[in-house]
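Generate the whole structure from the sequences, applying the supplied hints.
Chains as they are written, first to last, in this note's numbering: chain F, 12 to 358; chain W, 12 to 358; chain L, 12 to 358.
Hint data in this document are derived by calculation from the structure and do not stem from the laboratory. Any given hint might turn out to be false.
Treat identical chains as interchangeable: a pair holds within one or across any two.
[To be verified] Simulated crosslink set (DSSO-like; lysine-lysine; CA at most 30 Å straight-line):
id, residue 1, residue 2
1, Lys55, Lys137
2, Lys65, Lys55
3, Lys307, Lys237
4, Lys274, Lys65
5, Lys274, Lys307
6, Lys307, Lys223
7, Lys55, Lys274
8, Lys65, Lys307
9, Lys223, Lys137
10, Lys240, Lys307
11, Lys237, Lys137
12, Lys223, Lys240
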Amino acid sequence: QSNVTIYGSVDMGYAYRYDSNNRNVDSNSAIDGGQAQGNRLGFKGVEDLGNGLKAVFLLEQGFGVDASSDATTAAGTNKSISFTRQAYVGLTGGFGTAIAGRLYTPHFSFVSAIDPFSAGTVGQYKNVYGGGLFDPTRVDNAVAYVSPSFGGFTVTGAYSNNAIAQESSIDNSQNNTVYALLARYTAGPVDVGFNVHRIAGASGNGVPTTMKSIDNYTLGGTFDAKVVKIHGLISHNIQDNATGTNDVQIDNYMIGATVPVGKFAIKTSYMFSDGNSAAGGNAQQFAVGGNYALSKRTDLYTAYSIIDNDSATQNGVTLRRAAVVGDASNSGMTFQQGFQVGVRHLF
Amino acid sequence: QSNVTIYGSVDMGYAYRYDSNNRNVDSNSAIDGGQAQGNRLGFKGVEDLGNGLKAVFLLEQGFGVDASSDATTAAGTNKSISFTRQAYVGLTGGFGTAIAGRLYTPHFSFVSAIDPFSAGTVGQYKNVYGGGLFDPTRVDNAVAYVSPSFGGFTVTGAYSNNAIAQESSIDNSQNNTVYALLARYTAGPVDVGFNVHRIAGASGNGVPTTMKSIDNYTLGGTFDAKVVKIHGLISHNIQDNATGTNDVQIDNYMIGATVPVGKFAIKTSYMFSDGNSAAGGNAQQFAVGGNYALSKRTDLYTAYSIIDNDSATQNGVTLRRAAVVGDASNSGMTFQQGFQVGVRHLF
Amino acid sequence: QSNVTIYGSVDMGYAYRYDSNNRNVDSNSAIDGGQAQGNRLGFKGVEDLGNGLKAVFLLEQGFGVDASSDATTAAGTNKSISFTRQAYVGLTGGFGTAIAGRLYTPHFSFVSAIDPFSAGTVGQYKNVYGGGLFDPTRVDNAVAYVSPSFGGFTVTGAYSNNAIAQESSIDNSQNNTVYALLARYTAGPVDVGFNVHRIAGASGNGVPTTMKSIDNYTLGGTFDAKVVKIHGLISHNIQDNATGTNDVQIDNYMIGATVPVGKFAIKTSYMFSDGNSAAGGNAQQFAVGGNYALSKRTDLYTAYSIIDNDSATQNGVTLRRAAVVGDASNSGMTFQQGFQVGVRHLF
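Here's what the structure looks like:
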């Protein structure tokens, strides 16, 4: 709008620090933001009042680009917010795309694209997938590289030293390091990919003290036969624990379909999550829903899902999650239903 | 501005949940947002650096559209903010307008339009009106319908199950339900309306344990005779309490005038608030002020008000509020003055 | 972007309040915002769906323009945020510029312009300057006037009753009053200025109980000889304490240079901070860095700095600050290094 100018600054980079007196931890490496100058997002405007007089206003907020937590400093000084969904800056060109900041994991970008419900509504895959680090969504202090498309084939690599918003400012070895790699082939009706997401955990720093690492392996894709689009997914997840604690393994299997009928899209999916011996048994979800496009940007949506947890806990571990978006109070129950209908607008 | 693209998604709808194990409260209905996908507001941009190289940035925040409270989840995951003044999505057309989200009450939309001071400055009606649920301003998890104009006549109906940011996620009967209806006639110099706002309270859940319901009845309007605009209001408010506790009743009466003189607008109002036996006695406010338009978007404003509380408390109940915007520390005093002068800019 | 309209309102002014019952502090003067109406920043849009139907959305946030702290009110009512870097509204014209809100001090605007590192990266002047009120950056509830340029000569005057986000709403004498004056001459290659920043402290209200006042005197400037730009600064700072407590004095000396080489800018600075007897000894910093302009809005940056604190504490007072941006955990160490490299994008 002509009355308001949006402006700002965002920077990300590498930082090395050394401190002679902090002998136990005398150097630190980090991927940080706001180094060149404080990150800022501002709104400003000038109105000509005539006779040489003008009205001016300016509103400028600081923010953290590298992490999801608020950076609060002493009263009277600059307190920043965070853009908690995504925040990044980078370069793109013939070499591909390189970005740094708070990023979606390749895992989530890929799986949410395969889910018929796009990770939304009560039909979303997440409800019975096995939560937390078994379903990594975003990481802070991250860098990522996406290759150019080679005949439909792309590779995404990502690294972060902060898997779970627990970056140590004084000791790199206390960080939960993330390595992610996604190979994806998209051509004509086919979209298939294989993703590996590895977290090398730092004991007790936001992760269980017994946890050594978590590995997610996901193979999936969609095939669009026009009259129906088929969705499928196999995901193998292992939490490698220290000696004396059982490893945790979850295997997820999803099949789904989307059927376009004019302005309607009818969706369904079935997911079976096998928790094996140490992860609280099995869970399964059946979901059906649909969208009606009022335009490319506005639609009506509905979804219904039913969840069955055949054993919610085992060995004192509960990993199954409950059906309904935004209803954490009902998690872990053996049988659940959810229904939704509404309107969505994109801008 | 050409450097920045604003984008996002907002959705609202109805949700039903059922849980087999939570037997005492085994189903729940709600008007919720972010069901189809997480609500988001983003700022992004691309700059061409030449030689095929581009700089990119993206900042994306989640938000709650249905309620005023922050939705905070575990560290490392998405933490959303709220747009605490208003947030809604909806459809409008020949049938009228239907919106859902966090909404102004028809009561506030109407009364603030009748107040010569537009619910701003030290002259605002709110200072002695009787606060809280006696002057409902916004409600969460709300739906509203505004009819088309039938020869100047419109009807607004609204419903919410969350009068005071205390929605229960597990039991509908614990919510404070709101029903609102506004009939308004606007034609030529006349703008008159009658509003009913009813809150069916859930004992102790954000409202007094003894409160059963609150009803507000408001009749008012303005008449614009060009040389002077006349403002008038009568408001009857009852808090129906359980047996053993006296009901509380407040009656408000306001008259006001706005006189345009070139770029000046001179304003005055007098309000008498009758607290009756159980509501802390009476209060009255006289206010005078003015605006000078530097443009349609920028003005200078001034206001002066004087408040007299003839008995600030009675039966241990204090309902009278003090004069000055933003000065809660001085509330409840018997005699007060406030004066303001400044510049306002709309963008 | 055509899908979204940004709108809002911002106002600032003077307020006087009087309260008959609050006899010890019966009047109060303040520079406040949101008096005429609640400050707001909103995003809204309308999409035509055809057949007379339209989709609408609106997201509106309240904010405080006068102060950096969040204004939180009761649940269910309007909770505002703050624009913590800057927020102001005002008028500009032949008479100069007058603004009010949360403002950068003339001290910071001037010193950050003289610093070769522009108050960013590990090379920034702040690292060893002596922090807090010895380096005033922003003040709340402020008014400022900037004169027109008289042949390159400008004067800036500023006043605030809130030096450190501790405004009293009931007693002006409890505020930390700020008076600031900057005289600056900018012509051709020369940019020189002299700044005085005085804080008359209110004992214990956000400042040390023994502190009576702080005065900062800063003389500095740059000379741009094209092949090299020379930067220089002398700053004298005194904290006047009550009888029985030693006054604290810090003197800062900085020299620097910027050398442009095509798209490169190479920077260096040396700062010596003399803490004298009561301020923890001396500190010195040597920094070198550079920028490579990918465009006017995007650059690569790097910086390296080394800090030597010859005595970090004395008389129990530690005023020296450590090198590295965002690494408060390492403050006060005798020898430090920092290195950074990254990409910055302005939008």
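Verification of the supplied hints:
no.	hint	in the structure
1	Lys55 - Lys137	between (41 Å within a copy, 27 Å between copies)
2	Lys65 - Lys55	both (13 Å within a copy, 26 Å between copies)
3	Lys307 - Lys237	within (18 Å within a copy, 47 Å between copies)
4	Lys274 - Lys65	between (50 Å within a copy, 17 Å between copies)
5	Lys274 - Lys307	within (10 Å within a copy, 44 Å between copies)
6	Lys307 - Lys223	neither (46 Å within a copy, 46 Å between copies)
7	Lys55 - Lys274	between (41 Å within a copy, 26 Å between copies)
8	Lys65 - Lys307	between (41 Å within a copy, 13 Å between copies)
9	Lys223 - Lys137	within (24 Å within a copy, 41 Å between copies)
10	Lys240 - Lys307	within (19 Å within a copy, 46 Å between copies)
11	Lys237 - Lys137	within (26 Å within a copy, 60 Å between copies)
12	Lys223 - Lys240	neither (39 Å within a copy, 54 Å between copies)
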